[in-house]
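Input sequences plus hints: build the corresponding full structure.
These protein sequence lines are chains A and B, in that order. Here the first sequence stands for residues 1 to 137, where the numbers follow my numbering. Here the second sequence stands for residues 1 to 323, where the numbers follow my numbering.
Bear in mind the hints are in silico, worked out from the structure with no lab data behind them. Where a beta carbon is used, it is the ideal one built from N, C-alpha and C, also for glycine. What you were told as hints is all true, and nothing was included just to trick you.
Beta-carbon label-pair distances, calculated as ranges:
1. B:Lys295 <-> A:Thr9: 38 to 44 Å
2. A:Phe75 <-> B:Ser141: 29 to 35 Å
3. B:Asn110 <-> A:Ala24: 19 to 25 Å
4. B:Leu155 <-> A:Lys108: 42 to 48 Å
5. B:Leu316 <-> A:Lys108: 53 to 59 Å
The lines below spell out each chain.
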Amino acid sequence: MKQPQTPSTEQLKYASLLQILSIAGISLLIIGFIIYVGEILTPIIPVDELNKYWNLNSTEYISKTGIPTGWNWIFFLNKGDIISFLGIIILTSADIICFIRVLPIFIKKKDNIYIFIIILQIIVFIFAASGIFEINH
Amino acid sequence: MSLFRYRTTIYTFILPLFLIIIVSNAFAQGNDNQINSLNPSSDWWMWIIVLFIISFILGIIAVAAGVGGGVLFVPIVGSFFPFHIDFVRGAGLILALAGALSAGPPLLKNGLANLRLALPFGLVASVFSFLGANFGLEMLSPPDIQKILGFIILLVIVVMIVRKKDDLPEVKKQDTLGSFLGLSGIYHDLFLDKTIHWQIHRTLSGLILFAFIGFIAGMLGLGAGWANVPVLNLWLGVPFRVSVASSKFILSITDTSAAWVYANKGLILPIIAVPSIAGIVIGTKIGVKLLLKLKPQLLKWTVIIVLLFASLRALLKGFHIWN
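This is the structure:
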């Protein structure tokens with residue numbers, strides 16, 4: 001099956017949305033970093049105390065700092081160190097949002113194999129994002 | 001010896017030496033962490049500045065050597081900085097993800113990256129990067145991670161040394177699975193000034209290779225470009241330029257599921273990730289300009305020397321010989 005020389009509609013839609021999300025994610029990451037190191041908002045972990053914790057493993061780090069895990073960061077959006085985390089969430093959600101955006105185009109084209117692949121991909125991402133598969137080491 | 005060769009020789013030794021001195025110095029200070037911790041308010045700035053400088057240098061040399069920043073970042077920062085290896089892996093994933101997401105849109109728009117090609121391989125790689133991330137965090141201790149990292153970086157070095165490229169691989173007959181998935185395409189190659197029709201073969205074994213790549217990427221927080229491109233180009237028969245472009249896009253899908261695992265555990269520290277991303281992005285822009293002045297072979301060997309040093313350091317750390 002040969003494809004047209006110009007990128008498909010779904011590929012162009014995917015690219016446009018991905019561009020917006022990647023710029024938004026990186027910008028928010030940097031803005032959050034400035035807010036954190038500039039101490040504009042009160043953080044959970046003061047920036048000058050970070051070096052006491054960054055050599056700890058995750059279990060010790062979480063127990064000593066009380067940093068929220070999973071989706072609990074939502075309740076701490078007024079904290080300086082959580083703002084940057086919003087940027088990370090946008091970056092890690094970018095592909096999920098783009099897949100949801102192009103799925104209707106594949107459905108309209110009745111491209112059944114790729115509808116199945118995209119739905120599977122969205123499920124994998126949502127499963128990973130949900131944190132259902134909790135780790136403790 | 002001509003002036004150029006003389007300068008080339010200097011750069012070959014100066015660049016890795018400069019990098020090694022900086023990271024060794026950082027490491028030496030890391031050993032004195034107890035002393036530093038007496039004055040924490042001045043401490044963190046030093047690490048962030050050194051991290052930015054190292055990432056900046058990595059960005060310069062990585063672009064010309066044809067590897068992503070993630071594959072250099074994790075072994076070097078993991079070996080020489082005081083950060084726990086879990087935070088370094090988390091930062092490595094976000095670093096690779098941010099780079100791939102930034103590069104993806106223009107490559108998709110100009111048709112070099114191919115969405116259909118990326119979807120099945122990205123799906124398999126993302127499932128296994130999720131498993132790899134969980135396996136790496138749950139089952140492996142930091143020394144285990146350092147040992148595996150050391151061996152994998154040695155493998156990366158071997159791939160870099162023996163790696164060849166095939167601009168237009170010949171695929172005489174597409175396999176059944178590749179045909180079923182519609183994995184073929186057309187693009188206009190500006191360098192060759194002709195329209196290229198391509199199709200792939202060995203699809204099933206390619207999917208298995210992507211499963212392995214995804215697992216390693218998730219487990220160690222490495223980008224996967226070093227392995228994606230040879231598999232797409234040399235094994236599956238995708239034209240080189242389409243392979244490089246689609247690899248970036250596949251990498252973003254691969255790293256997304258692993259990054260969520262690290263993010264949910266609070267293992268992505270913006271204080272480490274942001275200066276690293278900034279350093280790599282600025283360094284990459286300068287690296288692109290340097291690419292026009294220096295021979296890619298020179299920078300490739302610079303990267304190999306740095307990687308060799310980092311892999312030996314990781315192995316020695318893993319085996320508790322040089323902690």
